[in-house]
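J.: The chain contents come next:
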Amino acid sequence: MRYLYSIILTLFLLSCFESAESQETKRYNWNFENTPFDKFADSLEARYGCHFYYDSAELADFEISVTVKQVNLKQLLESVFNKTRFHYLVDNHNRVYISNLVVFKTNLPSGLFESNRFGEESNQNNPNTDNDASVNEKLKVSTENKLYEIGKNTGHDVGKATITGYVKDIRNGEAIAGATLYIDTPYLNTHTDQFGYYSLTLPKGWRGLRISSMGKKDMRMQLAVHADGKLNIELTDFVENLKEVVVYNREKSANVKSMQMGVIKLNIKAIKLVPVVFGEADILKVVLTLPGVTSVGEASSGFNVRGGSTDQNLILFNDATIYNPSHLFGFFSAFDPDIVKSIELYKSAIPEKYGGRLSSVLDVQMKDGNSKTWTGVAGISPLTSKFTIEGPLNNGKTSVIIGGRTTYSDWILHSLPNAAYNRSDASFYDLNLHVTHTINAKNFLYVTGYLSRDNFNFNNDTSYKYGNSSANIKWRHIFTNKFYGVFTAGVDHYQYSVTSQFVPINGYTLGFDINQNNLRADFNYKLNDKHALNFGLTTTQYLLHPGTYTPTGSQSLVAPNTVPKEQGLESAVYLGDTYSVSNKFSINAGVHFSIFNYLGPHSINQYLPGVPKAVNTIMDSVQYASGKIIKTYMAPEIRISMKYELSANSSVKFSYNTLQQYIHMLSNTTAISPTDIWKLSDPNIQPQTGDQFSIGYYKNLKNNTIETSVEVYYKNINHYLDYKSGASLVLNHHIETEVLNSKGKAYGIELLVKKNAGKLNGWLSYTFSRTFLKTDDPTAGEAVNKGSYYPADFDKPHSVNLIANYQFSHRISLSGNLVYSTGRPITLPLATFNISGATSLYYSDRNQYRIPDYFRSDVSVNLDGNHKIKQKIHSSWSLGIYNLTARQNAYSVYFINSGGHVQGYQLSIFGSIIPFITYNLKF
Amino acid sequence: MKRNRIIRILGMAILIMGLVTCVKKYEPKAITSANRYLVVDGVINTGANGITTIVLSRSKNLADTVSFIPELGAQISIISASGNSYPMVDANFTGKYTSAALNLTMNDQYGIAITTADGHHYQSALVAPKATAPIDSVTWNQSPVNYGVTINVSTHDPANATHYYRWDYTETWQHNAPEQAYWVLINGIVTPLDADFMNDPRQTHQCYTTAPATNITVANSLGLSQDVISLQPVTFIPLNNERITIRYSIQVNQYAISEDAYKYWLLVQNNSQSLGGLFDLLPSQLNSNIQCITNPGEPVIGYISACSIQQKRIFITNGQVGGNWVKFEPYNECTTQIIPTDLNNFQLYTFPDTSYTPWYFTGNNIPALVIVKKYCVDCRTQGGTNAKPSFW
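As they're listed, the protein sequences go chains A and X. FYI, our numbering numbers position 80 of the first sequence as 80, with every residue one higher than the one before it. If you want our numbering, it's the position in the second sequence, counting the first as 1, plus 1000.
The shape of chain A in the complex, shown without the other chains (with noise of 0.2 Å):
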């Protein structure tokens, strides 16, 4: 309708077509920047005394942006229009009409698709051609208005077309991986994967299509498809302009829209805008910021996410599982801020993709090497030094990315005034490799490595090493632009060893590790624009040492003991469908369906059937051969979410899981060591299994410059691992015998605020979240607390983070951070005894007493050097004060029994206000 009324205007105006000579004569300086159609043609009017004619709902996506100096109105419009699908009209009478382009088909401007097409056009026979000389023709977003065809114009835009392309970083090819694309009539989008790859179907005809991104400038595209056919994107990176008013895109809205819910994706700039101790930006401190995202201490390694235990997590680095993700013990995270791209973090919706752990995947994704130009980071602090360099290879069809860190913190601990520190070493590194390699426009190879080592040594007594490594290779392959695979493998390890000397007569090497190897197959399959499938096949083989305790120097009389490997096997596959019912209405379900075999040699106690498990009710001990399959256990996982637009700014979304976890992690949290041991489920120890519930409420205010949002969850966890009273873990042959069969549930409500823009930005997040268990174990002899509900280690009630970053210029920026959580649960002796003649201690109900509130507050100031774009080297600065008020949290508490009475100590590892600097180079 709207179609035949613009024909009958335009050959109105047609009729009177004349030159408007009278406004030549002035002459006008402008600068727009986003300017709605509507605000522009006021302006215009204002100064050039004409009138504007126009169908509104036609102009409503077009936005203007240009800069233009002494121009008349002829000019102007020039500039805004050429090589748009509009055309304008000035007539005698100073009116302006406006026009879509079809009316005027018989008077194209000359030279409009000789000369614009972009992107990788193809035929329509066979729209996979590989193009590539026209690779290079790649589009650049100071071209927004213009008009890009997808497809040969056969004149006749019936039925729909799919488009595909990457959208990369201008400035060095760094594939955007979650950007956002979508139309708006009819609305439909899609977001970019992990390599930056889109798959769009959309009717065809002219189509305004859009593209947000965290970090990056909005983007804009007139597109008229006529086919299917390839389009790359570039975007560039979003520079505030402090002297105006910044407008923003009125659909950035991806959290309202996005299908998934409990995820929470950060990029490595927002995280390097919190201040944190020694001034080295650190992923998952940044992580515990976030709703529902709490740790057991400052300063621990792990997190603990909506109430699950810290080896709930399936921490992944490119897809490399990392079983240990910190250094000296938690003061550093595991990852190289100057290589990490972005991290996602899945609390309550799980993509079928993964399993395997039953609270959270946190997928930490490394950069990929700019594929331009040669460029490098170097940084430096009291601490640490980094380094990392990345640039092309073999003319920009490889990309490489290395980067290192290492400390030197020995110096530190030899200066201060306490003998046992000035014995004391520490010292860590890691090592990053990642290469891209274009193979062609349809094969690509990936090439990850990483390495970790840590080695603690305390008072020249007992010392600590341990450290991930992991290697994977990664090749994709585009089938047809509607389906791709990933294929992928890679070898994960992890160990630790504690060696102690200090008594010549019991030096003992206490060893353990993890292997692991990795075989999966992941393929995405757009079956048109309401189904999107993925689905795919995945298997891991797992070899354990759990425990060798060797002799260690010439005097030593420690008797050897090995714990025997472990071996498994954990395969799965998975299907999930994306179905958009309709534009506010869509479904994600899924299934993971994962097999876990336990495998031989191994021999396995038998017990008396009906009393507890202890070494003394073993009936029986059955040796099982190498690659035996002693145990198998399957299960489907369910992965349902659902998504409902109440608005174009907010949503309600709705998601269940259920989920299984074949390997364990056993901790002696008393201790403050690295000794965790893991543990596959045998057939004596079952595997974890959850289900979680979760409901959520998303809305955007103020343009979508502000986002909240409040998530309610409910979550039961079966065969959890507890500790029986007095159980010991170490060198353990028959650790059954020490866990208890525990059931959990755990509920919480996240709050959140995040302002994404403007000088001050940042959130803050409430989380109320409470986790108990309960012994679930008739067999198991004992209950804990009588068999009721006891709140877990990790139970805190209430966690509120604030963190804030107001920007004085482009070059000053002031960050600062509050964080409160309620202490965790802690069992307490309360009193000495003696009975029989023995002295012991009474313990408290387990967990029923709580260690001192945590409370913290940070700041920090960030200055950059000069931003001149053609400067070779660009320094900055980050100073700042981490632990404001001088708080002493306490990181642990302990009782030493001393001189025949026992005192409790609490030890804070940041006592005082601790300041910082940190000077970075890029170059």
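Negatives, chain X to chain A, calculated, CB over 12 Å: (1) Gly1050; (2) Gln1180; (3) Asn1187; (4) Pro1238; (5) Ser1249; (6) Val1321.
Chain A is faced by these chain X residues, among others (derived, beta-carbon under 8 Å): (7) Lys1024; (8) Glu1027; (9) Leu1062; (10) Phe1068.
Derived coverage of chain X by chain A (criterion: at least 3 residues anywhere in the stretch with Cβ under 8 Å from a Cβ of chain A; other residues may be distant): (11) 1204-1214; (12) 1291-1305.
Derived by calculation from the structure, the hints in this document are not laboratory data. Every residue gets a Cβ at the ideal spot worked out from N, C-alpha and C, and that includes glycine.
Starting from the known structure of chain A, arrange chain X on it as the hints suggest.
T.: Here is chain X on its own, set in the frame of chain A:
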């Protein structure tokens, strides 16, 4: 030029800064409160003419330095399911309450009822008595590595009904003063010992120290096809410990206990071990079968069992153990002085320094007295008693 500047900046960036850890005492109210919980220690003795002994004491808070807080003035009795009540008395006001010699039948159930001096009323669950099988043997063996001596107990229940066992023991050992004195000071008079001075009850050269168990031992026979306990260690004596420097004796007491009692004692045993190390055990809660009736939330420590008590005693003499077992003591010189004696009564002793004691007389006509530091001739200064135990 530029490079120099960068190096200077890097140098500046390295500021002196410390990793500021601090340790302070952790004393929340839960710990600093008095936490005087009632501790009930004992077994209802269902043996023939059995005397039941129950020790009542109070727990201490972690900071307390007193070693033992007896609970005095309590009314305590053994009660039975059939309604009988057998009172117990604390004859010596030490918190040790004993019953008369009783013959409690095995087909009743027994418990303890306590009313403390402050009026609180406590009662244990009624438990079925178990018959304790006799101890087969108490043996010892010496480690070839560290030469320590382990005392083991072996038993079996032909009825296959016991399964859970607890042991405690009483140790007695002889220890001598470095020197032999033939005179002893009695009421200010230096008195000669009998000719058979070794058996004179006034001698102070040989002493006997008796000590109760310092650890709890429990075991079960569940994993075995027969109800047998073989060579269960009950205590360990490290090389050169005073206990076996002359002669040592241990009496092992065996109790048949229930499964719940077994679990209780196992946890007490765990909690009595050290705190805070890498290989340490996780803390345990104790669930007593004794309840405070007047204040149900109040914790009570202890677990009441009823059974007959079986005992066995063995001796080990120094000559039986290897490894040249001698007690290493800090060198104390037996400093002597010679003092003149009273001309009228040479046996009269008035020397003011009580750290000395008479040793022997010297001189021909006018005797002088050699006195010596007390520990040299009086073994009681090292503890114990100079009275030979009846079983010795």
